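K.L.:
Those sequence lines, one after another, are chains V and D.
For the first sequence, the positions run 74 to 391 when my numbering is used.
For the second sequence, the positions run -19 to 419 when my numbering is used.
Accuracy of the hints is not assured; some may be wrong.
[To be verified] Here are some, though not all, of the chain V residues that point toward chain D, as calculated from beta-carbon distances under 10 Å: (1) Tyr261; (2) Gln338; (3) Leu349.
[Unchecked claim] Pairwise CB distance ranges, derived in the manner of DEER restraints: (4) Gly144/V x Thr72/D: 22 to 28 Å; (5) Lys136/V x Lys56/D: 43 to 49 Å; (6) Lys65/D x Ala202/V: 24 to 30 Å.
Just so you know, these hints were derived from the structure itself, not from any lab.
Here the structure is a predicted model, which means the values were calculated and not measured.
The beta-carbon is built from N, C-alpha and C at its ideal position, and this holds for glycine as well.
Letter by letter, the chains look like this.
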Amino acid sequence: MATHVRAEAPPARPAWRSRLYRFDLKASPYAFIAPFFICFAAFGLFPLIWTGWLSLHYVDLLKPDVMEWRGFGNYTRLWSNDQFWTALRNTFTIGVISTVPQLLMALGLAHLLNYRMRGRGFFRVAILAPYATSIAAATLVFVQLFNPDYGFINWMLNAVGIHPNWYSETWPSQIAISTIVTWRWTGYNALIYLAAMQAVPKDLYEAASLDGANRWQQFTRITIPSIRPTIMFTIIVSTIGATQLFGEPMLFGGGVGVSGGSAHQFQTLSLYLYELGWPSRQLGRASAVAWTMLLLLLLIGLVQYLITRYRKRHELGG
Amino acid sequence: MRTTSRPRRAALAATAVLAASTLMLTACSSSSDDKGGSTDAGGKVTLNIGDFGTFGYVEAGLYDEYMAAHPNITIKYDTVQDGQKYWDALTTHLSSGSGLADIQAVEVGYIAQATNTLGDKFVDLGKTEGINPGNWLDWKSKQATTPSGSLIGLGTDIGPMAICYRTDLFQQAGLPTDRESVGKLWAGDWSKFVEAGKTYQSKAPNGTFFTDSASGLFNAVLSAQPEQYSDASGKLVYKTSAGVKTAWDLAVSASQAKISAGLRQFQDPWNAAFANAKFATVVCPSWMTGIISKYSGDSGKGKWDVAAPPVASNWGGAFLTVPKAGKHTKEAAALVAWLTAPEQQAKVFTKVGNLPSTVGGLQQPAVQGAKQEYFNNAPTGQIFAAAAQSIKPAPIGEQDGNVKTIITDNGILDIEEHGTDPAKAWENVSKLIDDKTSN
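Next up, chain D with everything else stripped away, as it sits in the complex (with noise of 0.2 Å):
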């Protein structure tokens, strides 16, 4: 019997092996498969969108409606939490030229990666018909520029900062409290903040902190400077720009001050610490609401106000480009376009609180008449709208993010955790930075 079977189980297992063989090479190559649209006979086109966080799309239901007038499209989305992770996976994908949705959101920390090294992998939107660059704020199309000029992507929304602070601590402190007296404790200056922290800090109720942390007050600082960490050209300058040492300086004061909590921001602590009112006051873009009321809950809730920022800037915001490696670029381009529209901006904003990008968005009355009852019924359509007017753009380069994380988590942070001496913490810094933007 088992002789005379020998050859057909040879050749089961010839089989079998190629089966094994051809179906684990399937398996290999199914990931590589193309993301992109796919067109129908009927003329039916696909369209694939990739975003990270909330960009309030599907809430503000702007995807049904589109598809709704236009039979012919079918709108696919797929969102990555995790906005670092999404940005490692999209630059693998753009670098490699597959795996790509037809829209792509990037975020405005990696915009100059885009602009710059990744510049020719996007359609030129500024050349596509009924997109006008000037309907968004000069400054938001002039990040998605790339150096030969070509728009790379349309602004979605922006994140002009404002000060949300605690009326509680703050009149325990002997502070005014309503919201115009408040901002007038710092206006015009920085130095200023610090000043009320100090006064705050010393008749401050017990194991409460005057601002959550010191390297928020950095990225607040540093933001509204004309000179950044790079310079026109793209070039790193952060060691003798006239910014990031006033922001340094200030954000080093206030830790030695002790006007800081210490806290690292957007960490299980920080979240913690909002619940048990540990600080009196955030640096707040329009996106941090939402973080505020999330993280102090029905305990904070009419106790947090908004008062307007000492000098304008920006902290955050969004694009959406049009990959050229998609198959329906031109269709991807007009979704794009409808999308950052200002009536669709506005919609988004009264859903989850992402600030209009264009002119035309942030004078909608959705925006302009907005009111969060959370905190205190402030008109923080009109104060972060008025604060978007008045933010003065700084050239942004490449390694900027990176620069960025260095000097709040390995410096100021260090500090604040450690005690370093901050000429030390600062000489530390510089290593790394030089260590790790050198090739």
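If we strip away everything but chain V, and leave its shape as in the complex, we get (with noise of 0.2 Å):
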């Protein structure tokens, strides 16, 4: 009852106290997403810049404190070395092949799971289980299977005679990570196309399957088009994923893992980062890989956005 009074007389409030309102309304946003930034510029920013600013000089890793400016040598080493470019191009032979399957296998996936089916609660935390594995009791796993004496795959390989090695060999080492990655994440990405396709709304396909519209055409005309920002999003997690890929070849190549295998097979830039920054302690030069890594990725992301501007202007205009 008091409280009815005292808010239809408005008139009698002191202006301090309507700034102050107004000030709470505008600040408290800012002050309820501060701890998020505030953290963000201790470990997110202030390492990014530092890490740009080491990159510049020469650093061992026993003694930070001790830097010698190099300005943009430690980059144009990189240039010049034979073992960036074989890390570059295995981390984008690593990244294409197990990204692109991997996608396909979660909207497929996806597809099959937004039917009405049984059991179908028990398929959905199902597919999630690998992306709970840690990588490394996974990676274990699968160096098992890959084992080339003994393991199942080749094993099962022998029936049509093949022996592939699947450690020595470039192909096969990067298709069996691959392989462990894409069965780690398939399920994972599965679960967010799944909660984009349950959002498409029932009637568009009602309305396709009163036209004689088939599954097949319902899943290209109607679902692909409806998620596709949900896909997208996807696209580009897995590219920085892929970029940054380190723990499953680190852990397939045990002993040889830092170094990508015996003729650096499977090195990608992260363990080329990590071999050049721990084992040979130049901490300047493994920050140069690090912000090259991160300008490729700023790259990919621009070529990205370009597409997606590019196919909507053009099928807004057509």
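The task is to assemble the complex, starting from two chains supplied on their own in separate frames and drawing on the hints.
P.N.:
Spelled out as structure tokens, the structure:
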């Protein structure tokens, strides 16, 4: 009762209260998000800038306080370094052969899980299980499966008469690593697609089936266009993941993991960064690799953005 | 209702933000807490020990024994399984001076980095009361001595090498099987080992090889050489080093004669090959016997034996150090001295097989009389202790670990796996090493 009365008598309020009110309205959102941004500045932005600064110096891992100015020397050295280009090529090929099948399979899985069927809840949880498994545990199992002499996969391939060495040969080793990545992330992406698919209005499908569209046509004409933003999102996230690929090849390679095999046949950029920074103790050059990776990601992001914008315009215009 | 409660909500929000950021700040800062020991009012001291792999102190009950004898001391330990990860973390802690335990173990492969670049971060144990550097094998103490002469680590164990071989495969290939005759096959010269391999391979049981890997052979040959990767001043001389050339040539000849299974040691296919009896010999330091019995399993029991190596040399071993950043360096040094004393080293040997690095420890009856049932009752204590006495030390440099990895993993393994031309492989290796070791 009392509140009602006070609410009806605003002129009685002092001016500073309304100022405070306005200040509160404007400032509290910032205060609410401040913790994240304070932590981001300390643990995200500062390391980023500091790494950039380090990349312009020669720095010994054991004596990080002694820095020798190198300018862009660390970057030009990368440019003329065979191992860097090998690592870049490997990162790209492993990225493609892991991301593409992974996203296609996720899309198919999500589509199937979107149907009404028995045990739907179980399957939805089950496909997320690989994602919940630790990289180390999963990789250990795959290392056993891919053992060239005694592994399950070569035992099966023996039937068709091929006997690839999954460690030492370039393509087999990259395919083996991509398999681990694909196994681990397909379910996760499928779940994201599934969530997006469930937001697609059911009447679209009803209308389409009235018009005589079959399941496949419904999938390509309704589902895919409707969840395009989600697909874009997963492509970007997977690209970032592929560029930073580290744990799988490191553990898959075991003792030669850091150098990515005896001929660097599966060394990714992150592994190259680690090899330079830790065993070789050259923190400056490792930082230069880190920044190069960041720039590459920004470049890829830009290309993806331009493609989406082009397609959007194209479609709206046409 | 909404309007009146506004100021209170603002106050609440501000409090929440404050609380959240305090929480986060404390969360962030808790990780930088000093791990060094602390003293209670009653003079009680807590000592933290950081090590990796299996040092055997827990297994042999040494911590409990020490705490029982010194009621004012509490020992806490933290063991990391992976030696490389342990060292990576330790170097970061040492250069920042925080997060260190009172006692830190250092593997021999990294000891040169510790004595050269990080030498001033450790307590000079040579000046500590009750520690006599002469108790250890001469070369062991020398490895942990900085250029300015301070002893920063006390030796725990060493890894003198012998040759472990499968008697069943040797017999099938028409080679002798008793350990004396086998030792005589190659006594004195590693090239005789390769020759024996060729004899084996000519009559080898189907699908088996004489030895596991050419890289293992390279390491074994090189570690017996007086000149290895670096010269006495610590400068890298691997390109002109006679030792590296000898070892490289021998490893390449072994690979080309196809007497090596071409496996990378400590890798999964290598582990599996033990169970499948794919190779007849492994160069084995004392600690390798545990790995062999683990992976060969019951099927290999009694089929393995141990023979003297062509030339004695060392592979592996570790040190205990006391970082200066610790709060109780005096108590820590006393514990380190006790743990590395001959009696305790012998106890560790009986429990986990790490061979003592002290002269007195090697002479303990528990070591001298040790026999291993798995290895056909071979007198392993005697064989390894004998090898330990004739090890000749070579200078080690800071970059040795890195150079060794590149030569074995990107050179010899590349030849074995991809059939790369040895001349091209060497060129490749020197390019990689030059790139990694030049600023």
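K.L.:
It remains to establish, for every hint, whether it holds in the given structure.
P.N.:
Hints versus structure:
1. Tyr261: With Cβ-Cβ at 27 Å, over 10 Å, it is violated.
2. Gln338: holds, 9 Å
3. Leu349: holds, 7 Å
4. Gly144/V x Thr72/D: 22 to 28 Å: With a Cβ separation near 27 Å, glycine 144/V and threonine 72/D satisfy 22 to 28 Å, so the hint holds.
5. Lys136/V x Lys56/D: 43 to 49 Å: Given about 30 Å between the Cβ atoms, the range is violated.
6. Lys65/D x Ala202/V: 24 to 30 Å: Cβ of lysine 65/D to Cβ of alanine 202/V: about 27 Å, so the range 24 to 30 Å holds.
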